[in-house]
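If you read the sequences in order, they're chains A and B. For the first sequence, the numbering used here gives the first residue as 1051, with consecutive numbering after it. For the second sequence, the numbering used here gives the first residue as 74, with consecutive numbering after it.
Calculated directly from the structure, the hints in this document are not laboratory data. The model shown is predicted, which means the values in this text are computed figures rather than measured ones. In this text, a Cβ means the ideal position worked out from N, Cα and C, and glycines have one as well. Some hints could be false.
[Unchecked claim] Stretches of chain B that chain A covers, calculated by requiring three or more beta carbons in the stretch to come under 8 angstroms of a beta carbon on chain A:
no., segment
1, 127-140
2, 211-223
[Said to hold, decoys possible] Okay, the calculated bits of chain A under chain B, using three or more residues with CB under 8 angstroms as the criterion:
no., segment
3, 1062-1076
4, 1115-1127
5, 1288-1300
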Amino acid sequence: MNESPAAVSADELHAYVDGQLAPERAAAVLAWLQAHADDAQRVALWQAQRLQLRRAARTLELDDAPAALADTVLRTARRTHRVAAWQQAVAAVLLLAAGVAGGRWWAQQGAAPLLAGSPAFVHEAVLAHAVFVPEKRHPVEVAASEEAHLVQWLSRRLGAPLKAPSLAARGFRLLGGRLLPGEGTPRAQFMYENEQGARVTLFVAVFAPGKAPAETSFRSVRDAAGESFYWVEDRFGYALSADLAVPEMQALAREAYTQLAR
Amino acid sequence: MSVEQILGHIPALRRYARLLTGDATRADDLVQDTLERACVKWSLWKPGSALRSWLLSLMHNLHVNQRRDWRHDDGHAALEDSPEPAHEPLALAGERLDLQQALMALPPAMREVLLLVTVEEYTYAEAAQIIDVPVGTVMSRLHRAREQLRELMTDQTQRLVALQRVK
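Next comes chain A alone, as it looks inside the complex (with noise of 0.2 angstroms):
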């Protein structure tokens, strides 16, 4: 065995801070450090410094988000849409709202989006959902103040007449609602709100003739934000989407089902 220690490199001491350092010279580097005062007490303070970075990298508080910053990504994707890459995409948007959310949904990103069997709009619903459900300044484009100008501006982008039911007897008041872009077609949704802050959103698509989902039944989908229940009827379909109990859930789709189905 080879009682003298071979020297140490300051390469092999940063790599010893970092984490770096190959198993088989770590003895090497803890001999050398408890021979070498001067070097043990320089490596001390780099694990100072880097814990502190760390720490200061962690506690750093920053502003929410531009609204600007997450729209050149959606521009872009609008372009390139396809459709078998929802499922990333509502991962990402999740993780992009855990980060704006201040973290709340970090210990559920590992929860696998139940989404698969479900039509594309409710994808859509669902990626919608999580980017402008966190939106403390720009959450709607058209404000519910101008709720007529907003319905009948939808309707005519969609091309089909569209209403913003009523949530008010559950204690959500319409906030508003803005226009995406849609699998072919462009998409509403209306956001609504109760007292305590909690969001709920309602996403329409309209489809040609012919292209909407077969499927017509009243279904949920949970995922990491929450859950969605949809619904397709005639050339409509309806995602109601938030991160709300599930008995609630299932009054504000009832609600929302009973105004829209008349």
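Given the coordinates of chain A, assemble chain B onto it according to the supplied hints.
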């Protein structure tokens, strides 16, 4: 693979850019430029390779170019050797030089390596790939960054001690 997966990296990019530039507005501008570049070059990203690294390498190039434009010179030497003009360490005399200030007093190229290795936890080889230099350069920048940081913070401690003695 869809371009939307970039969205998931925005919080981390903002955090990194904030530490790199030391300024919230400049950081978000840099992230914005990075995202625009990423969207334009999206077809060049190889699915399966690390997206975050790719985004950071785009950000690195933009940051180098920006600094080059600001300084009206050819950049690399300046980037390597001189501290950020807006963050002269001497201007901080008499104040507590905290870690973030000391970080800003480092030349950007050293700060960048230090952040990639410690905060982003890239291996030396990965960091070298992101900023497109040999691993040896990463090691020497890392070494100088740590030693300068140590001196900056020690100097400051000594200056504070000296000030207290005068009082």
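The hints, checked one at a time:
no., hint, result
1, 127-140, "violated (count 0)"
2, 211-223, "holds (count 6)"
3, 1062-1076, "holds (count 4)"
4, 1115-1127, "holds (count 11)"
5, 1288-1300, "violated (count 0)"
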